Amino acid sequence: DSGVTQTPKHLITATGQRVTLRCSPRSGDLSVYWYQQSLDQGLQFLIQYYNGEERAKGNILERFSAQQFPDLHSELNLSSLELGDSALYFCASSQRSLAGGGGFQETQYFGPGTRLLVL
Amino acid sequence: GQNIDQPTEMTATEGAIVQINCTYQTSGFNGLFWYQQHAGEAPTFLSYNVLDGLEEKGRFSSFLSRSKGYSYLLLKELQMKDSASYLCAVIGGYNKLIFGAGTRLAVHP
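Protein sequence lines correspond, in order, to chains A and B.
For the first sequence, position 10 (counting from the first letter as 1) is numbered 10 according to the numbering used here, and the numbering increases by one without interruption.
For the second sequence, position 36 (counting from the first letter as 1) is numbered 36 according to the numbering used here, and the numbering increases by one without interruption.
Errors might be hidden in some of the hints.
[To be verified] Have a look at the derived ranges for each label pair, beta carbon to beta carbon:
id : chain 1 : residue 1 : chain 2 : residue 2 : range
1  : B       : 9         : A       : 61        : 45 to 53 angstroms
2  : A       : 5         : B       : 13        : 19 to 27 angstroms
3  : A       : 62        : B       : 2         : 36 to 44 angstroms
4  : B       : 53        : A       : 15        : 25 to 33 angstroms
5  : B       : 40        : A       : 61        : 17 to 25 angstroms
6  : B       : 27        : A       : 119       : 36 to 44 angstroms
Bear in mind the hints are in silico, worked out from the structure with no lab data behind them.
It should be emphasised that the depicted structure is a prediction, and the values quoted were computed from it without experimental measurement.
Glycine residues also receive a C-beta, built at the ideal position from the N, C-alpha and C atoms.
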């Protein structure tokens, strides 16, 4: 158990719909990262938040958005869903931000993931 | 661009040693991670290298050569439970963590 929690575990919805995925980081961790993993594909970085502020953006579609709240939990909102959005969505947390510079170990701890199926 | 390459699949025998290679081309470098991921589960941290050389941790070791843009993960005394995907990830330009597609390792009796 990494200490990162994600809800829901599974989500089935229809094209065109909107869903919200929730993540609670490990106690004390300030950074939250969101990743998408499609079938047989590697992890694609979507977005990172650090202490409530957006810190880095990856390959996140405009239909997707995220935020980190004062209690440090984060939500990933996916709208106008398409079949291709079906994937595992992972949240990870770390104590600080990778943007703090190199030379120290900034391990990311991953939650169990939310499996999204768009029909 | 930024690119990470690792073999797609490997097979090995229980009790043997296997080496999984990773080569990377990134605009910057602030460290390299190896993660293990069982099918349908979350990745779990294995190792971190930022300086050249070998880091040993039990049955797993990881090596880095920054000048060559190369790393490997060495797994010794393979067990059936080591069957999983192994992900190489680099902290590249703008301090973004970039993952390779992963290497699926199958351990046979």
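Hint check results:
| no. | hint | result |
| --- | --- | --- |
| 1 | B:9 <-> A:61: 45 to 53 angstroms | violated (30 angstroms) |
| 2 | A:5 <-> B:13: 19 to 27 angstroms | violated (38 angstroms) |
| 3 | A:62 <-> B:2: 36 to 44 angstroms | violated (22 angstroms) |
| 4 | B:53 <-> A:15: 25 to 33 angstroms | violated (50 angstroms) |
| 5 | B:40 <-> A:61: 17 to 25 angstroms | holds (24 angstroms) |
| 6 | B:27 <-> A:119: 36 to 44 angstroms | holds (39 angstroms) |
Of the hints listed earlier, those the structure fails to meet are numbers 1, 2, 3, 4, in rising order.
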